[in-house]
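Student: Spelled out from the first residue to the last, the chains are:
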Amino acid sequence: MTSILHYFILLPLAGFLISLLIPEKKESLISWTAFSVVGLHMVCAFIFLVYWLLHGHSILNQKDFVVFQTNGYEFFIDFYFDKITASYLFVGSFLTFLVTVYSRYYLHREEGYKRFFNAILFFYLGYIITIFSGNLETLFIGWEVLGISSFLLIAFYRDRYLPVKNAVKVFSIYRIGDIGLIIAMWLSHHLWHENITFLRLSNYEFVHEHIQSHSFIGAFLSLMILISASAKSAQLPFSSWLPRAMEGPTPSSAIFYGSLSVHLGVFILLRTYLFWEHQTSIRILIAVLGLTTAIITTGIARVQSSVKSQIAYASIAQIGLIFIEVAAGFGNLALFHFAGNAFLRTYQLLVSPSVVSYLIREQFYNFTPHEHTVEDSFPAKLKNTLYILCIKEWNLDSIMYRFLWNPLKWAGKKMDFLTVQRVVIFFIPTYLIGLYCLYNEDTVPARVLATLPILFSLIGLVMVLKSFAERKRAVMSWILIIMNHFWIALAVSFNEHFKSTQTFIYLSGIVVSGFVGYVCLRRIKSLENSIDLDRFHGHSYEYPKITFIFLLACLGLSGFPITPTFVGEDLIFTHIHEDQFMLAFFTALSFIIDGLAVIRIFARVFLGPHVKTYHEIAYRSS
Amino acid sequence: MEPHNSSFDEHKVLHDLKHYLPAQSPLKDFIHHNTLHAFQNLKFHDALRTASELFGYKVSLSLEEYRSLFKSGRIHEDVLDKIITDKIGDKELKSWKEKMISKVYNTATIPRIGMLRSNWKKVYHTDLDSMVHPILFRILCSYLDQGIAIWKFPGSEKSFLNALKEMESNSFSSLFRGKRARNLFLNSTCEINDLLKILVGDESLYAQYLYDQQFAHQGWSGMVSAIEDQPQTLLDKRDISTHDLIVFELLLEIDALDFQFGANWSPLCKGLTQKPIELFAEVPKTEHSQVMAIWQEAFEWSYYDRVLAGIQIEKKSTVAPQKKSFQAMFCIDDRECSFRRYLEQFDPACETFGTPGFFGVEFFYQPLDGKFYTKVCPAPVTPKYLIKEFGSKTKRQKDIHFSKHSHSFYSGWLIAQTLGFWAAVRLFFNVFKPSVTPAMASSFKHMDKFSKLTIENKNTDHKENGLQIGFTIEEMAIRVENLLKSIGMVTDFAPIVYVVGHGSSSVNNPHYAAYDCGACSGRAGSVNSRVICFMANHPDVREVLRTKGIMIPEETQFVGALHDTTRDEIQFYDEDSLTPLNRKYHQKNELVFDSALDFNAKERSRRFESIDTHLSPAKIHEAIRIRSVSLFEPRPELNHATNALCIVGRRELSKGLFLDRRSFMNSFDYQVDPEGKYLLNILNAAAPVCGGINLEYYFSRVDNQKLGAGTKLPHNVMGLFGVANGIDGDLRPGLPSQMIEVHDPVRLLIIVEHEPNVVLNTIQKNLATYEWFVNEWVNLVVVHPVTHRLFVFREGDFVPYEPLIYPVTQVNDLATLLESNQENIPVYALT
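Here the protein sequences line up with chains B and P, keeping their order. Sequential numbering of the first sequence, starting at 9, is according to the working numbering. Sequential numbering of the second sequence, starting at 3, is according to the working numbering.
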């Protein structure tokens, strides 16, 4: 039974790859492919589920293959199947299948028909990898796929301003979740001294013994997982992204943000439950977070006057309750609640356009001018205060800006003195000196040597901050991101002696995708003269092919699992010692901002309203 | 104190501004109108050029589209030559033709609107829109909300600003970020003038700034303006005005700038290096604009020309009076065009008529248990009558999935775990076996088939809220007489006269009202058809009519009915009152109706990708019914798409022609109305109603982003009155792309059968109607009833017209033609 687990991943993978090859005009072939892949997957899943249930429903684990191995480090893909996977598989395959069928007709004649089904299949692939994952590394692959497919679906109407803006916004929240996971992976390497599988976590003695001796790391690791889960499940303080993600066609909003994607935070909590089960403080924290979210977002949901945002906030509130259930140890209840909530919200979103005729009719026959609600019993001042807070979503959206992105932008702007020339003149020699020191360490005093990793990672961070805040030159911004990776590689090389092949693994993807991206940007620049980053250019309208290639380059550069850099990033992190929080922090921060800067360049140059106005262009506010 | 001497006249600026804003009402009252109504005082092509320059609208097909239409032969070369010759002159035909076909033009547009306000971004590096819009839209939507929010806007019974003031003054939190705006709001009179002084500083720029500001979100501004003008359009009424909106928005802008710069920032005029071009400065003609105008006319006349050639063909004689099986009256709606053709095909002894679908009876309707009155007549009319339903036994069904309890804390917890699983089952069946649900908007729900109506008024004091309940005999007789005379049905009545209203059914469709009968203010026409039949059947009414020369034989009975244009179903009313003989006839006629509906469904299906047009009519009809209840079907029907004509005349004029459901048809007999008295009424309605429909389709088609609603797939319902993309977008008035994608943007051609001089006199009687013709927003051709010569209306006069494209193609196998074509089909003569 175990040996067939990976076919569940291979099928959507194959389907996704095939769907990429079908010409754009062939609507029926595209939808037929999606229909049969997802349908076949669902049928197989259901048969497997029945068989599994009848045969003792034991936990299955498959160490699939080792991607990279060196002494003391192994990066392998691992698949796992238990009742959590089973529930998520059941709900996910059923809903994805129905939504695929639904969209076959719904999207008829829509520009981007192919893109839509590509993205749906890609999303499904990510979802399946995530729920079948047997270790954090595998889970992280799925996680990244989900993040990108989300971005692509929110920005499905890529020629309008708001979808693109909101897609970038949501992506940046996801990026915080990603970093939670990266740090969790780093800590767990140091905690277990191996690439731990979820199966091993079910061994109580084993877990207990490690946590006992490293209670701080244990707590910190749980906290990172919680951040990751809250970001994905739109819990506080991240909640405001979910309603803003409702920019794509209704079926995609229904399946992603109404049901599957948003419940993956719950999944990761359930998956790691055995790890933090005995950390009472963490359990209380999760429950309190869930409760606070549920209360606040219920209030926000009550004042929403648009149907999709109302469903979104109501769903977040239910997920808050699920968090409490998980923290309280009612795993089965949480799974049941997840399934019900996912079905309900998908359906509600799909029928949301009907709300006009239905509720207008209700109003016509049952209107009472002043319906009494619970808030009417509050004192007026309290009532007004709460109403204003709820209507402003407790300022959650602006808080994200003020406390997360604005400081980064502010810091980046301080680097305004950097120009291409100065970067080249100052940093290339510095880097060379750094390299020289690396190969001639004896000549450098030990105390200096110890600070060099931090210094270099800081320089790397400066690079990427500058890239993130750059308003004018896209190409320069791109180069800075590439350089950032080189600085990180240098910094970590100082930190610990390891084979240079590992550095090459890390940098190989960077160099290739960096080069490809550079060529794309140069090409656009030569065709269109200006590609500043101060506005959206929407060049995907005229250059869809370059857009696609550049997107691949972006994925490569941000460490997406299509180049060896993905393994390299993980490797680099293992060489940061568990007591080097500063170095880990700078590196992690670099990775976050890297991703943001990359997606920003992509969005600004290729997405958004087209700069040329010879065709229909939507209002910015629409 | 100095006398207030200002160049900024707030009242006038706001009044004009409102005129330019989109005038679409809330969704439930969606009524088609000319999207560019504000420019109607200009000639069509001048208006397009001006609107494009001012607001950046795309106002025609693109140059490439025209050129490819020319290549494919859909724009006829002879027609193009003629139009160039007419507009430019004989000599320059060659050089202009070359320009038309191959010259490269820069077609990019940089609108004037927004120029001034864009300086916040350019000079001050502040993105004011992204700081102000989200909170502004949210507060507007919450205030206007008709029933989505569970916790309603506190104080929504007060005016917009007063409600906000009360909330702001008695709260620990604030709508604003800083103190200054809050103080201004609570402690000053908030004159627009004063606020603009802080923001803009230079009085000469105020007006333009307000235009820029409001057109940055024309959807919301338009909705506010529409509600201000007709507050009754919201069932749960709101007191809001453009003035209030502007005041609040100005305060938010001041607040955003305070937040950005602290207290020290200078007004916008200080940062300007030069004044932007004045918004309403003259827009000169360019060669490009002329080229586009010629292409548009060539496109239109390539189609019209064939139609006119077809109209001229001598037609078969009419049905012999003694043998008439039945007569049927329909709405002028273009969707009834093919249905009538099939009825006449399956029963050559029947006779059909067209007239606006409220059948000349104007009133408010109140269904049983209804808390409000519904207007069921053309939008500009304000009726004095009320018709109430009683005796209905059907219960309205509910759908628990729309219940707001699922959004609350604890009941949500229960519902998610119970109803959630039921939702999965429902979804499954909705996808694989769609069926009728309570969520559906169904035309047959407008009135219960077995209910009774209060139609006759025996005491004029019998009133409710100022409306007279029912009509007196005299009032009935006037309406029946007007109706019958206007369509020329005054003699030779058949035993049964059907009066068929229409409506539509759809699910998951916020624009459902746009699919219903426009002449009934976006409702189904069932009540009207029953009411007029009651009147025409009333013995006392017939008595009065006899004195006016209309002799309706005693055995003739009027039967009301409703045609559902989406499902192609028909429902008859009050069949019990038929005499035994007529009941027998009726049973026979029903079979004719049934097969006509099947074939009508088949003809419609050629446009639908999901249905195989080669199947039998009955099978296709079933597929069409399923389609109407499918959640995932964004095109339940195509509504008025492809409309292009309006024929005012006897049925014989167009009987042998295949018009491809593109024509409104209003029956009219010049012999009954030699002076054009009824014609005036017909044209007073046809020009704005049909012209409005046509132009809304036209503009939504040519610029679906700015003048239409864009694709409906991502639409989010706002407050039950509008749709927007996502959660913080602007409202999207106009038609979604799914409604207009097959539409050819051509203006309406009204063809009237009468003598040119009578028509000329008639149209000059009403200035509002005349404007439509003289400014060329609709085209007008008169066909002489005897000589069949054609006259086209040009610059205030009728000039002869000779069709260029001869002969009209004959077709004898319509089915094959329909099965093999998905695109628009030119006019054919049926043999």
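Hints are computed from structural coordinates only; laboratory data are not their basis. Don't take every hint at face value.
To be verified - Subject to a maximum C-alpha distance of 20 Å in a straight line, what follows is the list of computed SDA-like cross-link-like pairs (lysine to any residue): (1) B/Lys-422 x P/Pro-555; (2) B/Lys-389 x P/Leu-177; (3) B/Lys-91 x B/Val-58; (4) P/Lys-390 x B/Asn-374; (5) B/Lys-533 x B/Glu-550; (6) P/Lys-239 x B/Val-58; (7) P/Lys-101 x P/Ser-132.
Student: Are the hints correct? Go through all of them and say.
Tutor: Tested hints:
About 93 Å separates the Cα atoms of B/Lys-422 and P/Pro-555, which puts this hinted pair outside 20 Å; it is violated. For a cut-off of 20 Å, the pair hint linking B/Lys-389 to P/Leu-177 stands: about 14 Å separates their Cα positions. Annotation: proposed proximity of B/Lys-91 to B/Val-58 holds, straight-line Cα distance about 12 Å (limit 20 Å). Between the alpha carbons of P/Lys-390 and B/Asn-374 the distance comes to roughly 17 Å, so the proposed pair stays at or under 20 Å and holds.
For the given pair, B/Lys-533 sits about 13 Å from B/Glu-550 by alpha-carbon distance, which is consistent with the 20 Å threshold. Of the pairs offered as hints, the one joining P/Lys-239 and B/Val-58 is violated, with about 56 Å between alpha carbons and a cut-off of 20 Å exceeded. Between P/Lys-101 and P/Ser-132 the CA atoms are separated by roughly 43 Å; this puts the pair beyond 20 Å, and the hint is violated.
In this structure, the hints that do not hold are numbers 1, 6 and 7, in rising order.
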